[in-house]
Amino acid sequence: MKGRAKKPVVNKFFVVIYWLIFLILGGLFFTNDFGLVDIHKTSIITAVGIDTDGGEVQVTAEIAVPQPSQSGENIVYTQVQGSGLTIADAMNEINSKTGFYPKLQFCKLILIGESCRDKELFRVLGCFYRKNYSELTALVAMCEGNASDMLAMKSAVSEMTSEAIRKILSDEVEKSANVTSANLKKIAAMQYSESKACYMPYVQVNQPGTSQQGGNGDNVGGDGAGQGGQGQQNQQSGGQGGGSGGEQGQSGGQSGGQRGQSGQGGEVEFTARKTAYFSDGRFVGVLDEQQSFALCLLQNEIRLAVLPCDSDGIHYTLGLKSVDCGTKLKVVDGVPELTVKFKAKAQIQGARVKVDLKKIITDDVVKPSVLESAEKEMQGRFESLMDDVKSSGGDVICAKELLYKNATKYFEAFKDDLLQRMTVKYDIDIQSVN
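Just so you know, we're using our numbering here: the sequence shown kicks off at 280 and counts up by one.
It is possible that part of the hints are untrue.
[Said to hold, decoys possible] Subject to a maximum C-alpha distance of 20 Å in a straight line, what follows is the list of computed SDA-like cross-link-like pairs (lysine to any residue): (1) 609 with 701; (2) 376 with 342; (3) 684 with 695; (4) 655 with 694; (5) 694 with 561; (6) 376 with 394; (7) 454 with 600; (8) 620 with 577; (9) 600 with 622; (10) 433 with 342; (11) 694 with 613.
Since the hints were made in silico from the structure, they are not lab data. Please read all numbers here as calculations on a predicted model, not as lab measurements.
Put together the whole structure using the sequences plus the hints.
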């Protein structure tokens, strides 16, 4: 007679192990914050403005202060300023003023004032690259006037000033070639490339109901005939770009202060269609709207760019799609040669003529004369950028990096005066969408 089947024996040892693991994890969950920010002990800094005064640095922190309300949490944004020989000293003063320990993990914007122009860029930003101090994805921009004044202004589009500035520096704006945005990581990568040059947006202030010159150079309010020849003016002024950068900087502080005073008690709008650029950490100048537009096309992926041009006495606004833009560098007969290649599909978005509804459906077919004018306008903007880069020595077009990658054996011979010795050719092709 067969015996009964034995029941499986439960290993009590494994049961004990499971319960121990459960108790340990439960203890960690209820006793450790795992590095989470205690909102009652830490000030949430959303943006930082940096100015200099003599040998000291002044840091203005935009702080989010949670306030209890009947409907839940309500956040109030305020600015607190600290100063010291380093940014860490200034942050320590902010701690003493607020009673909160300042952390920068939530800081999304670093705004540099004009007073920092004579300082080495990475002495100003160095603190933000230290471990566990801030995120490398934080946007960086230079502003007109003082950063503290700009952060204190009220935005017309957002309750939080830094959020309004971040919106004009967003990826969507960059993909339309209206801003050359940069963050801490991108700036460091550009600086420590062979070109040793970097750039960042230049933020300005407008009063609501007013506008700057925009991307068309001259007064946009003029008639179509008055806007003709802007491409030629851009080309003529291109060589003066490097020298005019300093003049723009000198006048920028005055105009920024005036705009800040007129904006007190009211709302303002922000724009960043210009670009501040640096060579080996030193401020070089400010690229205008047309030069910044060309630089953005060279350095970023563009979804849709808007290009104004004039043809047959009519002002047109073209939308450029399927944009393919880049540079190539090679050495031909001992002379470095840079080729700027630009291809795009164009569609008419606007024209200063009486609209004929019967013919508007043909706007997808752009006349050859308009396409030719668009190519000349685009080449004029590239030439203006190249003239400014050559005269200033700020290699934001990454020519030295291209030389190092594509013609390494010539790098040592040309690296010191490459921008002045190289010739530039343009291969620009703009076709109609249909």
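(message) Output the indices of the hints that this structure fails to meet, ascending.
(response) Hints 4 and 6 are the ones this structure does not satisfy, whereas the remaining hints hold.
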